[in-house]
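The listed protein sequences correspond, in order, to chains A and B. If you read the first sequence in my numbering, its first letter stands for residue 161, the second for the next number, and so on. If you read the second sequence in my numbering, its first letter stands for residue 306, the second for the next number, and so on.
Hints were generated in silico from the structure; no laboratory data involved. Heads up, some of the hints might be wrong.
Said to hold, decoys possible - In silico contact screen, one side only, chain B against chain A (beta carbon under 7 angstroms); selected entries:
| # | residue |
| --- | --- |
| 1 | Ser311 |
| 2 | Asn322 |
| 3 | Pro326 |
| 4 | Asp359 |
| 5 | Leu362 |
| 6 | Ser375 |
| 7 | Ser574 |
| 8 | Asp575 |
| 9 | Pro590 |
Claimed, not checked - A few chain B positions that, by computed beta-carbon distances, are all more than 10 angstroms from chain A:
| # | residue |
| --- | --- |
| 10 | Ser309 |
| 11 | Gln321 |
| 12 | Tyr531 |
| 13 | Val544 |
| 14 | Tyr598 |
| 15 | Glu606 |
Bear in mind that the values here come from a model prediction, so they are computed numbers and not experimental data. Where a beta carbon is used, it is the ideal one built from N, C-alpha and C, also for glycine.
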Amino acid sequence: MTDNELVWRIAGGSGDGIDSTSQNFAKALMRSGLSVFTHRHYPSRIRGGHTYVEVRAAADEVKSRGDGYNFLLALGDSFARNPQQEAYYGNEEVKPLSENLDELREGGIIVYDEGLLDASEIEDFEERAEENDWHVYPLDLRGMAREHGREVMRNTAGVGATAALLGMDTGPFEQLMEERMGGDILEQNVEILEMAYEQVAEMDHSHDLRIPEGEHDETQVLVSGSTSIAYGALDEGCRFIAGYPMTPWTDVFTIMSQNLPDVGGISEQVEDEIAAAALALGASHAGAKAMSGSSGGGFALMSEPLGLAEITETPVVLVESMRAGPSTGMPTKPEQGDLEHVLYTSQGDSNRVVFAPGDVREAYEQTRTAFQIAYDYQIPSIVVYDQKLSGELRNVPESFFDREPNPSLGATLTEEEIAEAAHHASGKFNRYTYDPENGVSPRSLPGQRDGRFLASGNEHNPQGHISEDPENRVFQMDRRMRKLESIRAELDDAEESNQTLHDPSGDAEYGILTWGSHQGTVEEAVDRLNEGGHSVKSMGVSDLMPYPKDEVTAFLESVDECLVVEMNATAQFRGLTQKELGRFGEKLSSLLKYNGNPFEPAEIVEGFEASINGGDLPGETTKYVPAAGD
Amino acid sequence: MSSSFSAIGEEREIDQNEFTPGIEPQATWCPGCGDFGVLKALKGAMAELGKNPDEVLLVTGIGCSGKLSSYFNSYGFHSIHGRSLPVARAAKLANPDLEVIAAGGDGDGYGIGGNHFMHTARENHDMVYIVFNNEIFGLTKGQTSPTSPKGHKSKTQPHGSAKDPVRPLSMSLSAGASYIARTAAVNPNQAKEIIKEAVEHDGFAHIDFLTQCPTWNKDARQYVPYTDIQQDDEFDFDVEDRRQAGEAMYEAESRLYEGEVLTGRFFKSDRPSYGQEKRATGEMPETPLAERYFDDSYEWERSYDLMERHR
Numbered sequence: 161m162t163d164n165e166l167v168w169r170i171a172g173g174s175g176d177g178i179d180s181t182s183q184n185f186a187k188a189l190m191r192s193g194l195s196v197f198t199h200r201h202y203p204s205r206i207r208g209g210h211t212y213v214e215v216r217a218a219a220d221e222v223k224s225r226g227d228g229y230n231f232l233l234a235l236g237d238s239f240a241r242n243p244q245q246e247a248y249y250g251n252e253e254v255k256p257l258s259e260n261l262d263e264l265r266e267g268g269i270i271v272y273d274e275g276l277l278d279a280s281e282i283e284d285f286e287e288r289a290e291e292n293d294w295h296v297y298p299l300d301l302r303g304m305a306r307e308h309g310r311e312v313m314r315n316t317a318g319v320g321a322t323a324a325l326l327g328m329d330t331g332p333f334e335q336l337m338e339e340r341m342g343g344d345i346l347e348q349n350v351e352i353l354e355m356a357y358e359q360v361a362e363m364d365h366s367h368d369l370r371i372p373e374g375e376h377d378e379t380q381v382l383v384s385g386s387t388s389i390a391y392g393a394l395d396e397g398c399r400f401i402a403g404y405p406m407t408p409w410t411d412v413f414t415i416m417s418q419n420l421p422d423v424g425g426i427s428e429q430v431e432d433e434i435a436a437a438a439l440a441l442g443a444s445h446a447g448a449k450a451m452s453g454s455s456g457g458g459f460a461l462m463s464e465p466l467g468l469a470e471i472t473e474t475p476v477v478l479v480e481s482m483r484a485g486p487s488t489g490m491p492t493k494p495e496q497g498d499l500e501h502v503l504y505t506s507q508g509d510s511n512r513v514v515f516a517p518g519d520v521r522e523a524y525e526q527t528r529t530a531f532q533i534a535y536d537y538q539i540p541s542i543v544v545y546d547q548k549l550s551g552e553l554r555n556v557p558e559s560f561f562d563r564e565p566n567p568s569l570g571a572t573l574t575e576e577e578i579a580e581a582a583h584h585a586s587g588k589f590n591r592y593t594y595d596p597e598n599g600v601s602p603r604s605l606p607g608q609r610d611g612r613f614l615a616s617g618n619e620h621n622p623q624g625h626i627s628e629d630p631e632n633r634v635f636q637m638d639r640r641m642r643k644l645e646s647i648r649a650e651l652d653d654a655e656e657s658n659q660t661l662h663d664p665s666g667d668a669e670y671g672i673l674t675w676g677s678h679q680g681t682v683e684e685a686v687d688r689l690n691e692g693g694h695s696v697k698s699m700g701v702s703d704l705m706p707y708p709k710d711e712v713t714a715f716l717e718s719v720d721e722c723l724v725v726e727m728n729a730t731a732q733f734r735g736l737t738q739k740e741l742g743r744f745g746e747k748l749s750s751l752l753k754y755n756g757n758p759f760e761p762a763e764i765v766e767g768f769e770a771s772i773n774g775g776d777l778p779g780e781t782t783k784y785v786p787a788a789g790d
Numbered sequence: 306m307s308s309s310f311s312a313i314g315e316e317r318e319i320d321q322n323e324f325t326p327g328i329e330p331q332a333t334w335c336p337g338c339g340d341f342g343v344l345k346a347l348k349g350a351m352a353e354l355g356k357n358p359d360e361v362l363l364v365t366g367i368g369c370s371g372k373l374s375s376y377f378n379s380y381g382f383h384s385i386h387g388r389s390l391p392v393a394r395a396a397k398l399a400n401p402d403l404e405v406i407a408a409g410g411d412g413d414g415y416g417i418g419g420n421h422f423m424h425t426a427r428e429n430h431d432m433v434y435i436v437f438n439n440e441i442f443g444l445t446k447g448q449t450s451p452t453s454p455k456g457h458k459s460k461t462q463p464h465g466s467a468k469d470p471v472r473p474l475s476m477s478l479s480a481g482a483s484y485i486a487r488t489a490a491v492n493p494n495q496a497k498e499i500i501k502e503a504v505e506h507d508g509f510a511h512i513d514f515l516t517q518c519p520t521w522n523k524d525a526r527q528y529v530p531y532t533d534i535q536q537d538d539e540f541d542f543d544v545e546d547r548r549q550a551g552e553a554m555y556e557a558e559s560r561l562y563e564g565e566v567l568t569g570r571f572f573k574s575d576r577p578s579y580g581q582e583k584r585a586t587g588e589m590p591e592t593p594l595a596e597r598y599f600d601d602s603y604e605w606e607r608s609y610d611l612m613e614r615h616r
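All chains should be modelled from the sequences, with the hints used to inform the complete structure.
This is the structure in C-alpha cells:
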C-alpha cells in the first residue's frame, strides 16, 4: 500500500450504472496521467444485488487491486425497489453502505446518497466513523439528478462530488461525456456534474485525501484482459470465431463479434459449445484462422472437439475463462480451479499447448503466441485465464498494440508445394507423413489441386485412412507427441520468456511461485516483503503445457523455500510442478484461496510470513498447505 | 475461381472412378449393406455434375456411415459422432466456393447430433446432408436407434422400445431445411438424381437415405418395394407448399413402419441460404476467408482504428 494512492470504490445495485461510471472514472484518471487498475465485484443477477467496482490509481504502475480502499461512493440500490410501491425489497437499502465498511481504510471518505440511503439504520455507524476517522458526506445525489435530469443520473452527481472532494478538475469528465453522449442527455449530465461539484466544493472539508499527480510518457489506453485477448487474436489474423455465451468468456466473444465483420471476418453464435468448437475446427480445416472458447462448464462440452483437433492436427485456439466450480459454481467469481481440466480433458494422451497469461499485456502477447504455435505446429492451443483478469482494466501505452496482422497459416502448403510433395500411389496427398523433423507434417486445404486427404478422428495412416496397424500407431503417436518437445525448445529459445521473474532484491533467498492472474498481486506482495526486510522473489508461470522445466527448476534450485500461490482448493499448480519436475516436494508449500474473491497483496504477505515463521493466516478464507514432510 | 484453390470450378469431364480412392482402403461394410448404394449414387451424381474431387469436402460422423469419407476420394473430414454438421457448415462459411457434403447415420444425425441438425436446417446452410437411415445402430452391433420402430427389441431394449420413432422429414421441415427428400439404396437411379438436385440446390438439402442393414435388421431388402411419390398419381402435391409437403411427409413416415416405402422429393423452397442472408447483414465477406491468407496483395484491415474507444 503506498501512501500516495487513491482507491475509489463505487457501490450500488447491479443496473445502477456502477460499471460504466467506474470505467469513465478510471479513464479520466488515466488521462490525467495516473496508472489505474480496476476490480469488479458483482453478483450473478441482472438487476439489484450488491455490486461494487474499485478504481486504484497512483503515479507509479499499479499491478493489483491492492488491499482496502479510501473513498466510498455509495449509490442507492434503485433496482431492488418495487417500482409500483416505491418500497425496497428486504433490507437492501443500506447495503451500498453497510456492506462496504469493513475494508474502508482509516481516514477514508464516504459519500452516500442521503436521498436513498439512511446511515442511521446501520448499527454503530457513527461510532465506527469516529473511531476510524472517516469523513462522511451525506449528499442528496438523487435530488440533484432529479433537478436537472433524471434520477438514474445520480452517479454523475456522485462523480461531481468526488471531483470536488479530491481537488480534481471536472474537465476530463465533461470531455468523456461529450465523447459518449449528446443532446439533452449530455446537457443534463453536465449540469448535474457541475452542480454537484460546486455544491460540494463550497462545503467544509475535513479530510486531507487528494488525487495523486502523475504523468505518462505516451498515450495510454484502458483495456481488460478479455479485450487484450480479442485484440491479440485479431492482430494475429484470426477471422473466424464461434461461441455460446457464458460468463466470463462472453466478454471475449462479444468483443470479437463486434469487430470481426468490420475486418472481413465471421462470428457465429451457435447452439452449444460442442458445436462452437467443432465450427472452429471446420473453419480452420478449410483455411481460416479460427478460435472458440468458453468457461468451465462450456469448456467441458468442448472436450470432444478438442481431442478431434489433436488427432486430426487441425490448428485451433480455444479460450477458457475460469470461474469458480464445480459445475455451475459461482458464475461471476474468479477461481483457478480448471487447471487440470484444461490440461487433461478429452480422451487419450494430451497433446495440446496451454498458456496462462499473468496480466493484460501478457493476455495480448500470449494469445498471439497461441495462434502462432497452433498454426505452425497444427495443434490446439488453449489460453486459460480467469474472471479476475477477464474484467479488470489496466492502462497500457497505445503503441503496445500497434502491430501488423500476421497472414501466415503456418504449416500449410501452396498448390505449387503440394505438386512437389509426396503422394500415395492412389493419388492422395501424404498429409500425415511419418518422419518430419519436428513432428509437423504440412497440410493442404480443401479446394487445392491434388491435395486430397482425409482428416480422421480415428487413428490413421499418412493419407488419413483409418488404420489399426501397430507400427503406424506408434509412429503417429510419437510424431504428434514430438511436437511438444519442439514447441518447448522454440519457447525456450524465444527472445522473451513467457515466465515473469520478479526479483527486486537481486538474489533472493525465498521464492513465491504463481500462475495466471495473480502475478501482479504477488509482485506487489514481494515488493512489500522486501521492504519489510525479507529476501523474496517471484515467478509467474505462463507456459503450462509444455511445462517450462528448465526455468522453473532454476528458480526453485536458487531458493531455500517456495510458496505456491493459487486460487483453488487442491493446489493444482503445485501438483503440476511436482509432477513435471519430479522433485521439490520438500521445498514447496501452498497458499490457497477459493472463496470467490481474489487475493489481496496483504494476504500474500501475511501468508508468506506464516509459512516461514508459523503463526496465523490472514483470515479464515485462505488455507496453508505445508511442504511434504513438514 | 481463385488462384490458390485452382481445383474449384474447373470445367472438364469427370469420370466417376476419380471418386474411388484407388488401391486402398477396402470398404469394411457388410455384404449387402445399403451404404454401398449411397457411395455409388454419390459418385455418379458428382461425376455427372462435373465436380472435381479436389473441390469437394465430405464431412462424416462416426459409425458405418462415417466411413463414407474413407471410400470417397475427395477431401474428407471424418469427425465425431453427431458432429459432422458444425464442422461442415463452418468449412462452407470459411470457403463458400467448396462443395460441402455432410453425412452420418440415423443415430448420428437424429440422436446425438439432433441439436446440430435442427440448427443447421434452421440456418439453411448451402450444403447437402445425407442421413443413412437403417433404423438401427450398426457398428455398435444392433442397438435401438431413434428411427427404430416402436416395440423394437434389442440388447439394450430387451422389453421392446416404448418410444415412437422420430419423423426425420417432418423434423427437417419444421426446423427450416429448404430441400427435403427421401430415397433408398435399393433405388440407385432415383438416389443419384436426388443427390444431384440436392447439390445444385442453394440451401440446406436434407436427404433421408434408407439403407438396409442385412446384419442387424435381418430383412436385407426391407425397403422394397418402394413407391416414387413423383411418379405415383396418388401423391399429386405441390412440393413448394409447406402444408402439402408436411402432409405427404406424415404419410410417408407413418406408412414406412407399415411396410410401405415412399420415396422422392418432398419439399423444395427458394428460401435464401444462410450465406446469402449473412452477407446481406454485412456479417460475412464476399470473398472466401481461406483465400486471403495466400493473397500477398490482400490489405489486412486494422482492427485498431477502434483503439480510440480505449483512450
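Taking the hints in turn, this is what the structure says about them:
Evaluation of the Ser311 of chain B hint against chain A yields a held restraint, the C-beta minimum of about 5 angstroms falling below 7 angstroms. Checking Asn322 of chain B against chain A by beta carbon gives a least distance of about 11 angstroms; that is not within 7 angstroms, so the hint is violated. The restraint placing Pro326 of chain B at the interface with chain A holds, with a minimum CB-CB distance near 5 angstroms, inside the 7 angstroms limit. Interface hint at Asp359 of chain B: satisfied, since its Cβ lies 5 angstroms from the closest Cβ of chain A, which is below the 7 angstroms cut-off.
Using the Cβ-Cβ criterion of 7 angstroms, the hint placing Leu362 of chain B at the interface with chain A is satisfied: the shortest such distance is roughly 4 angstroms. Because the smallest distance between the Cβ of Ser375 of chain B and any Cβ of chain A comes to about 6 angstroms, under 7 angstroms, the interface hint for this residue holds. Hint status for Ser574 of chain B relative to chain A: violated, with the closest Cβ pair at about 22 angstroms, above 7 angstroms. A cut of 7 angstroms between beta carbons decides the hint on Asp575 of chain B: the least distance to chain A is about 24 angstroms, and the hint is violated.
The interface hint given for Pro590 of chain B holds, since its Cβ lies 4 angstroms from the closest Cβ of chain A, which is under the 7 angstroms cut-off. Once the 10 angstroms rule is applied to beta carbons, Ser309 of chain B is inconsistent with being away from chain A; the minimum gap is 7 angstroms. The claim that Gln321 of chain B lies off the interface holds: its Cβ sits roughly 15 angstroms from the closest Cβ of chain A, which is beyond the 10 angstroms cut-off. Here Tyr531 of chain B stays apart from chain A, with its beta-carbon at least about 32 angstroms from theirs, past the 10 angstroms limit.
The claim that Val544 of chain B is not at the interface with chain A holds, since no C-beta of that chain comes within 10 angstroms of its own (minimum 28 angstroms). Tyr598 of chain B, annotated as away from the interface, has a beta carbon of chain A within 10 angstroms; the closest lies near 5 angstroms. With a least CB separation of 4 angstroms from chain A, Glu606 of chain B falls inside the 10 angstroms interface cut-off, contrary to its annotation.
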